[in-house]
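> These are the residues of each chain, in order.
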Amino acid sequence: ETGVTQSPTHLIKTRGQQVTLRCSSQSGHNTVSWYQQALGQGPQFIFQYYREEENGRGNFPPRFSGLQFPNYSSELNVNALELDDSALYLCASSLRGNTEAFFGQGTRLTVV
Amino acid sequence: GENVEQHPSTLSVQEGDSAVIKCTYSDSASNYFPWYKQELGKRPQLIIDIRSNVGEKKDQRIAVTLNKTAKHFSLHITETQPEDSAVYFCAASGSYGQNFVFGPGTRLSVLP
Chain E
10 ETGVTQSPTH LIKTRGQQVT LRCSSQSGHN TVSWYQQALG QGPQFIFQYY REEENGRGNF
70 PPRFSGLQFP NYSSELNVNA LELDDSALYL CASSLRGNTE AFFGQGTRLT VV
Chain X
451 GENVEQHPST LSVQEGDSAV IKCTYSDSAS NYFPWYKQEL GKRPQLIIDI RSNVGEKKDQ
511 RIAVTLNKTA KHFSLHITET QPEDSAVYFC AASGSYGQNF VFGPGTRLSV LP
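Protein sequence lines correspond, in order, to chains E and X.
Just so you know, the numbering used here puts 80 at position 71 of the first sequence, and the rest follows in order with no gaps.
Just so you know, the numbering used here puts 466 at position 16 of the second sequence, and the rest follows in order with no gaps.
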């Protein structure tokens, strides 16, 4: 098992609501990346945080936003939820300069 | 941007046989290629990776080969076992742990 933990594990929200997902990175890691994995597909990169700043972003709208805290933990916020936002949200932690990344167990978000 | 293709999408092998999964990438600047195994309902787990300065890497029953000229890399699993059954994802990224671009995945079934 990795030291990357995510909360909550499951979540059901209504269309139009807002959600916050949390990720604690592995000890010693300073970079957190967030991915969206739709059913039956590979993870899609949302954004990455390093030293509390966004350090790269995928093709996701601005209603997907994030934060990284001084202890390197991170949050993913999604506003104005849409049905298509239903997916497994994964965070991955790594040490900048070292390319290995380890995933958390994910948060399964269902938007109804 | 980077695009990663992966074949086949499904693969069934008899226990003890070998399995090969192939990926191609488009961005010649990519230099790190991890493979992840994802069992149903679980996190993606890093099983092996290769950097662009290496042509082949082996870890027990698992090996990865990289052809930079052709921009393709492959996962080889020998002496397959039922516990190898899972979805396997290849990915590509640049240096410093930049975001991974994942392939669509291969569902491997090892039949007893």
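Note that these hints are calculated values from the structure, not bench results.
Check each hint, because a few of them may be wrong.
To be verified - Among chain X residues calculated to face chain E with C-beta under 8 Å, some are: (1) Y482; (2) R493; (3) P494; (4) L496; (5) D499; (6) K521; (7) G553.
Note that CB positions come from ideal geometry on N, CA and C, so glycine has one too.
> Any hints this thing doesn't respect? Which numbers, in order?
6
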